[in-house]
Amino acid sequence: MRAENYQAVTHPESHEFELNFGPNHPGIEGNYALKVRVNGDKIVAAKADGGYLHRGFEKLMEGRLWIQNIALVPRICVPDPVPMEMCYALGVEDLCQFEVPERANWLRVLQLELSRIAAHLFTFGGHAATVGMYSNMFWGIADRDLILDMFEQMTGGRVYHMYTIPGGVRRDVGVEQLDKISDLLDYLEKRLSDYDNLFFNNKIFIQRARDTGILTPKQALSWGVTGPNLRACGLAFDVRRDDAYLCYDQIDFDIATETAGDALARNLVRRKELAQSIYIVRQVIDYLKKDKSTHIRCQIPNPLAWKVPAGETYTRVESSKGELSFYIVSNGGEKPYRVHVRGPSSMHAVQVLEKLVTGGRLEDVAQIMFSLDACPPEVDR
Amino acid sequence: MVWDQDKEATKDNYASQTIVLDQILHELDTLNIEQKNNQRFRVDVSAEALPALLSLLKGRAGYTQLSAISCVDWEDEFELVYHLWSYETKVLVSAHIRIQYTPAVYVSVYDIYTPAGFFERDIYEMYGVYFEGSPMMEKFILTEWHGPAPMLKSFDTLKYVNDMFNWQEYQPDWLKEIQAKGGKVVS
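Residue numbers (our numbering), protein chains in the order written: chain R, 1 to 381; chain D, 382 to 568.
Hints may be right or wrong, so weigh each one.
[As the list claims (entries may be wrong)] Partial chain R-side listing against chain D, Cβ under 10 Å, derived:
{"id": "1", "residue": "51"}
{"id": "2", "residue": "63"}
{"id": "3", "residue": "67"}
{"id": "4", "residue": "224"}
{"id": "5", "residue": "244"}
{"id": "6", "residue": "316"}
{"id": "7", "residue": "333"}
{"id": "8", "residue": "340"}
{"id": "9", "residue": "379"}
[As the list claims (entries may be wrong)] What the simulated footprint calls covered on chain R by chain D, stretch by stretch (three residues with Cβ under 8 Å from a Cβ of chain D suffice, anywhere in the stretch; the number is not a length):
{"id": "10", "stretch": "267-281"}
{"id": "11", "stretch": "322-331"}
What the hints contain is simulated information worked out from the structure, not anything from laboratory work.
Glycine included, C-beta positions come from ideal geometry on N, C-alpha and C.
Assemble the whole structure, with the sequences as input and the hints as a guide.
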């Protein structure tokens with residue numbers, strides 16, 4: 001080097017740098033960013049940066065007829081859209097005082113639990129990819145696709161089904177279709193041991209996920225954590241049992257829990273829940289096969305001139321990510337006056353995520369994000 | 382700590398819940414309580430008394446979870462609804478308050494419930510209601526939006542689009558080719 005070209009390197013007083021983690025990165029199911037401040041590979045501070053998937057659902061719903069919103073709500077959360085339809089339908093039914101036929105409720109549980117299995121497969125796969133295990137991701141996506149095939153056959157839609165409507169469901173499911181679902185459950189049950197061998201018992205995954213992103217029960221309660229993330233701290237709360245809706249009070253299932261509260265525990269809870277959902281779907285299939293009723297929805301008014309009685313309601317369901325709630329207000333008109341969507345990810349992807357990654361290592365950011373199973377479109381709405 | 386219970390215990394909880402809420406009702410004279418069903422209570426309270434009510438519900442009645450804060454624009458005033466859940470008694474209480482339209486200011490309850498930070502920030506961004514004492518009164522979703530609070534009833538999205546943008550015919554080359562062959566867009 002010629003002497004005149006030499007420039008002394010100056011080091012900043014602080015060795016901290018800001019890194020834009022996202023909005024496109026392997027740590028999350030959608031576009032979502034995290035601005036992290038790093039010192040070496042240690043996270044000193046983190047700030048969530050959302051809004052990339054804001055589509056104004058709440059405002060749009062105020063401008064559409066009650067029936068039109070059925071096509072809108074599932075789009076709020078792509079990986080697990082069925083609980084969105086369900087929560088909206090429960091709210092409208094509460095305001096209208098609809099008596100939903102029993103068979104419709106069982107058909108809804110069938111959809112909800114299949115959606116939960118699909119969403120958990122998606123999450124396993126995604127989490128595995130964050131620790132470099134791509135085979136598991138391919139398996140998860142491929143097996144999820146088999147469930148989407150079932151949805152397509154039952155509802156006509158693979159991802160957005162618009163199957164659950166206020167008053168019941170759009171169509172019945174025949175015995176032949178139920179047999180196909182039963183065969184799929186057999187296949188998925190056999191696959192669980194493969195997932196165990198490849199992922200859940202894998203030393204690399206266990207070493208990476210254990211003691212990473214630890215949530216204590218006290219923190220989880222204080223920070224508004226719900227769903228599998230809460231149950232991974234040893235707190236056995238599940239809306240399906242504790243604030244029961246549909247026919248969950250007639251169904252036998254265990255609330256899956258773990259106690260460690262780390263990324264490993266959160267995944268193990270989802271692994272157990274997947275097995276429980278298979279168990280629930282089997283009970284639903286038995287019921288639907290024995291049930292001879294063909295009544296799948298109650299009488300609803302002319303959808304194009306449907307005025308929902310004035311009032312307000314707060315409905316909750318257990319989505320694969322946690323507690324999903326809708327606050328719906330009607331002023332007696334043909335459109336909702338107000339719909340507030342409270343997705344579980346609004347807690348997990350913002351305050352909880354910021355706190356959990358701070359103090360951790362850069363290589364674990366994506367893993368912690370996926371272990372919380374946050375869904376950005378649910379935050380942005 | 383693991384919650385588990387049988388149905389008999391749940392019934393007892395509902396009964397004790399009503400007693401606790403009755404006690405709180407007597408302590409705060411600006412309170413109106415309505416039981417919707419076994420697991421849903423609606424409480425109407427004055428804006429001044431809400432922080433005290435939340436402290437009592439959290440401290441004495443086990444309402445540890447702030448499920449959500451919802452805002453409703455009634456065009457002459459705002460309604461704020463605080464949805465509180467008790468993991469122990471399995472009961473949801475929705476506390477309703479009304480605040481004035483201008484200036485739209487209320488106090489933060491972040492010190493009582495940490496999740497309030499997200500909801501207050503969201504309401505500030507979407508409705509323009511400012512929460513004094515909230516640690517996060519900054520934009521989160523609409524960081525590049527400088528117009529009025531978009532969730533206000535007075536904000537007409539269609540009018541805004543018409544005022545801001547010009548309509549233009551959509552005539553891409555591929556469509557022109559189809560039209561040249563006699564095809565058309567069916568609407």
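Now for the hints, and whether the structure bears them out:
no., hint, in the structure
1, 51, "4 Å, holds"
2, 63, "8 Å, holds"
3, 67, "21 Å, violated"
4, 224, "3 Å, holds"
5, 244, "9 Å, holds"
6, 316, "7 Å, holds"
7, 333, "13 Å, violated"
8, 340, "4 Å, holds"
9, 379, "8 Å, holds"
10, 267-281, "violated (count 0)"
11, 322-331, "holds (count 4)"
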